[in-house]
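Asker: Residue numbers (numbering that gives the first Met the number 0), protein chains in the order written: chain U, 0 to 186; chain S, 0 to 249; chain G, 0 to 249.
Bear in mind the hints are in silico, worked out from the structure with no lab data behind them. Heads up, some of the hints might be wrong.
Which bits of chain S does chain G cover? Going by a derived footprint, with three or more residues having C-beta under 8 Å, they are [claimed, not checked]: (1) 163-177; (2) 226-239.
No farther apart than 30 Å at their CA atoms in a straight line, the calculated lysine-lysine pairs in the DSBU-like style are these [said to hold, decoys possible]: (3) LYS112(G) - LYS33(S); (4) LYS66(G) - LYS33(S); (5) LYS128(G) - LYS33(S); (6) LYS56(G) - LYS33(S); (7) LYS59(U) - LYS66(G); (8) LYS85(U) - LYS56(G).
In silico contact screen, one side only, chain U against chain S (beta carbon under 7 Å); selected entries [unchecked claim]: (9) ASP3; (10) PRO28; (11) LEU47; (12) PHE51; (13) ALA53; (14) TRP55; (15) ALA127; (16) TYR130; (17) ARG133; (18) GLN137; (19) LEU139; (20) TYR140.
All figures in this text were calculated on a predicted structure; none of them were measured in a lab. Each residue gets a CB set at the ideal place from its N, CA and C atoms; glycine is no exception.
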Amino acid sequence: MDDDELIAAIASGDGDDTALRELFSRHAPWLAARLRMALPPDDVEDVLQETFIAVWQNAKTYQPRGTPAAWLWVIARNQAAMLLRKRGQRPVLLPGEETGEAGPGADPADAVLARAELAAATQALSGADRYAEREVWQLLYVEDRPVAEVAQLTGVPEGTVKSRAHRARRLLRAALHSTHTAEGGTR
Amino acid sequence: MTAPDDVDLDRVWTNVAAEVWRRHPGRIERTAAKLLRSPGLARALLATPSLLGPWLIGSTLVLAIGALVQLGANQPLVWLIAPAVAAVGIAYAYGPGIDPAWELARSCAVSDRLVLLTRAVAVFAVNAVLGMAASAATLGTTAGTHTAQLTFGWLIPMTAVCTLTLAVAVAVRSAAVGAGAGVAAWIVVVLGRGALDSTATSPGLSPSPSAGTSLAGAVTDPNLYLPYLAVAACCAAVVYYVTRPQRGAQ
Amino acid sequence: MNIELYDISRRFGRNVAVDGVTLDAGPGVLGLLGPNGAGKTSLLRMLATILPPSSGKLALLDRDPAKPAARREIRRRLGYLPQHLGYYPSFTVVEFVEYFALLKEVPPHLVPKAVAAAVEKADLGPKAKAKLRTLSGGMLRRVGIAQAIVNEPELLLLDEPTAGLDPEQRVAFRALIRDLGQTATVVVSTHLVEDVGAACSEVALMSNGRVVFRGTPEELTARGEAGQGVGDAPLERGYSAILAAARTGS
C-alpha cells in the first residue's frame, strides 16, 4: 500500500492500527533525523509520539493533495513548536540568529524548526554528483565571497559560477518546497 | 534517512500503541471501579458471562414469557421461573467450569473469592430485579390472597437455589452440573410441596383449586422460609470451604 | 533471594507430588527439567501461590505467601503462565492482556503502556486487535507470555512456554527471557532440553518429586560425559544420566 492508502486505512472505521504501524516504520526515521537537527533526543521522542497519535486521531482530515510526507512533517513541526512554547525554553541559537536577524517578535520555536528544515533541505546538495553546486554554495553563500573570487578559486568562468549557484538555489528551493506542500491535515 | 542512534523509535512506537490500543471503560465500569475501589474487580464483574448482553436479553425474554403466560392463562409462572433463571445465571458467573483461564486468575492479586462474591451478588441482584419487574407487571392478576407472596416470596427460595447451585458448581468444577443441580432441586421442592398440598386437607392457604397455585406452596408457605435460609447458609459455607486457598488447583 | 524453599512437600491424597524440595533462586533464569509426573507443575503452582505446600517453609520475594496480605503483594509482582491456559475467545489480544494487568493490580494509569510494551515484547503487535479465537496455537502461547510479563514481574513462572512456538519464535523467546532474567527470577519448566541450554543460567532436574540435580547447563553436560547418558545432544545425555542414577538410587 502507498502512503495515501495507509492513511485512508487509518481513517476508516475504527482505524487500522497495522496501517499506522507501517506508516510509522516508513516515516519515523527521517522525521526523527530532521527533528534531531533542532531538538535533543528526549524531545524528539516526545514530538514523534505526539505526531503519530495526532495522525491516528486526525487521519480523516487528510486530503491527498500534497504528499503524505509533507503532511506528516507539518504535524511534527507543529507538535515540536507547541512543545518548545510550552516549555518556554530559549532554544539554542546559531550565530546570526543572536543578532536578531529573525526580527523582533519572531518565535524562537519557529527559528529552531526553520533551521531544521534548512538543514534537511541541504541534504539535496549532499550527493557526489552535486559536488560543483555544493562547492559554489559553500564559497558564495556560506563564506560570502564575491563571484569573481569564487571563479578564481574554482578555476571556472564567472558565468559558470552563476549557473552553478542558480542550480544550487533551485535544488534547495525544491527541497524546501516539498516540506511545505501540505494542503489539508492538521495544523 | 535513518533515525539518529540516540532516538529510541521502539519506545516511541510503544507509547503510540499504548494510546491507539487503549480501551476506554464505559460509565458502568467506571462507577463499579469507584464503588468496589478496584478497577480489576470492576472489570472482572463486567466480564461475567451471565451479565453480558446476550445473557441478560435471554433472561429477560424468559421472564417476560413467564409473565405473559401468567397474564393469559392465570397460571402463575414468574415465581416458578425466576429462581431457576437466577440459578443458571449464578452457575455461569464464576468458577473453573466457565472460566478457561481460572487457574491463571487465581494467581492474580485480586482475590478470586472477592470476584466470586461480587459476581454472585451482582447476578442475584440483576435476576431479582428482572424477576420483580416481571412479577410487578402481573400484579393483581393472580387469584386469591397470595399476590404479595407470589410476587416477591420467591426471592427467599431463589436465595437457597442460587447458593446450592454455586456450591455444586465450585465443588465439582462444572457450571452445567451446578445449574442442573439447582434447577432440579427447585423442581423437586415445588412438586413435593405441591403434592403435599393436594393430599392434605389444610384450610386457608390454598383456596384455589387450580394446579398453578397448589404448586405455589413452595413459595407461599412461610414454614419453608427458615429451611430455605438454612440451606442457603450451609451452601454458602460449602462455597467458602471449597474456595479456600488450601484446596489448590488439581 | 526471590525464591526460598526449605523441605517443601505437597501431597494429593496418597500421591506425593513434591517431596522435600529445598531450593533457592535469585535473579537469573532457572530451568526446571524432568519427565512427566516429576512434580514440576505442582512446584510451579506452589511458587505461583495457588497451591499451598503440605509441609515445609516457603518464602517468595521475602514474604510468606500463607499470609493473605503478603500473598496479595507477591501476586502483584508475580507473572505466571500455566501449562494449560484457556482463553476468552471473544477478547482481543490487547483486551486479554489488559484484563490480567488489571487483575494483577497494575496502577490503572500505567496499564495502557504496560500492555503495549508486553504485546510488543511478545511480538504480537500486528495482531494486537485480533480476536483470540482467530489466532494459532503458537500465537496464543505468546499471548500467555505477554500477560505473564505485563506487570514487569520480579518472579516469572513459565510452564512449558515454548509449546507450539516455531524455531524462530523459540529463539526470540529465549532472548526475551534472558533479558528478563537480568533483573527478575525466571523459572522455566520445560521438557525441551535445548530451551534450557540456550536460555538458562541454572538447571534443576526433578524426578519423582525430588530435585536430583542443581547446577549449570555445563555441569549437566559434564554429567552426561561422565555417566551412562543417552541422547543426541550433550545436555540430553546429562539429563538421562542423572535420571537413570536417580531411578537406581545411586
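Asker: Hint by hint, note whether the structure agrees.
Answerer: Hints, verified against the model:
1. For the region 163-177 of chain S, the stated coverage by chain G is violated: 0 residues have a C-beta nearer than 8 Å to a C-beta of that chain, whereas at least 3 were required.
2. Evaluation of the coverage hint for the region 226-239 of chain S: breached, as 0 residues show C-beta separations to chain G shorter than 8 Å, against a requirement of three.
3. With a CA separation close to 22 Å, the supplied pair LYS112(G) and LYS33(S) stays within the 30 Å bound.
4. Pair hint LYS66(G) plus LYS33(S) holds up; C-alpha atoms about 27 Å apart against a cutoff of 30 Å.
5. Distance restraint check for LYS128(G) and LYS33(S): the Cα-Cα separation of roughly 28 Å lies within the 30 Å cut-off, and the hinted pair is therefore satisfied.
6. Only pairs whose Cα atoms come within 30 Å are accepted, and LYS56(G) paired with LYS33(S) is rejected, the gap being roughly 38 Å.
7. Between LYS59(U) and LYS66(G) the CA atoms are separated by roughly 54 Å; this puts the pair beyond 30 Å, and the hint is violated.
8. Between LYS85(U) and LYS56(G) the CA atoms are separated by roughly 56 Å; this puts the pair beyond 30 Å, and the hint is violated.
9. Interface restraint check for ASP3(U): the shortest CB-CB distance to chain S comes to about 20 Å, outside 7 Å, so the restraint is violated.
10. Interface hint at PRO28(U): satisfied, since its Cβ lies 4 Å from the closest Cβ of chain S, which is below the 7 Å cut-off.
11. At about 5 Å, the closest approach between the beta carbon of LEU47(U) and any beta carbon in chain S falls short of 7 Å, and the interface hint on this residue holds.
12. A distance limit of 7 Å between C-beta atoms decides the matter here; for PHE51(U) the minimum to chain S is near 5 Å, and the interface restraint holds.
13. At about 10 Å, the closest approach between the beta carbon of ALA53(U) and any beta carbon in chain S exceeds 7 Å, and the interface hint on this residue is violated.
14. Given the 7 Å rule on beta carbons, the hint for TRP55(U) holds: about 5 Å separates it from the nearest Cβ of chain S.
15. Evaluation of the ALA127(U) hint against chain S yields a violated restraint, the C-beta minimum of about 17 Å exceeding 7 Å.
16. With a least beta-carbon distance of about 20 Å to chain S, the hint placing TYR130(U) at the interface is violated under the 7 Å criterion.
17. Of the supplied interface hints, the one on ARG133(U) is violated, with its beta-carbon coming no nearer than about 18 Å to a beta-carbon of chain S, more than 7 Å.
18. Evaluation of the GLN137(U) hint against chain S yields a violated restraint, the C-beta minimum of about 21 Å exceeding 7 Å.
19. For LEU139(U), the suggested interface contact is broken, since its CB lies about 26 Å from the closest CB of chain S, more than 7 Å.
20. For the restraint placing TYR140(U) at the interface with chain S, the shortest Cβ-Cβ distance is roughly 23 Å, beyond the 7 Å limit, so the hint is violated.
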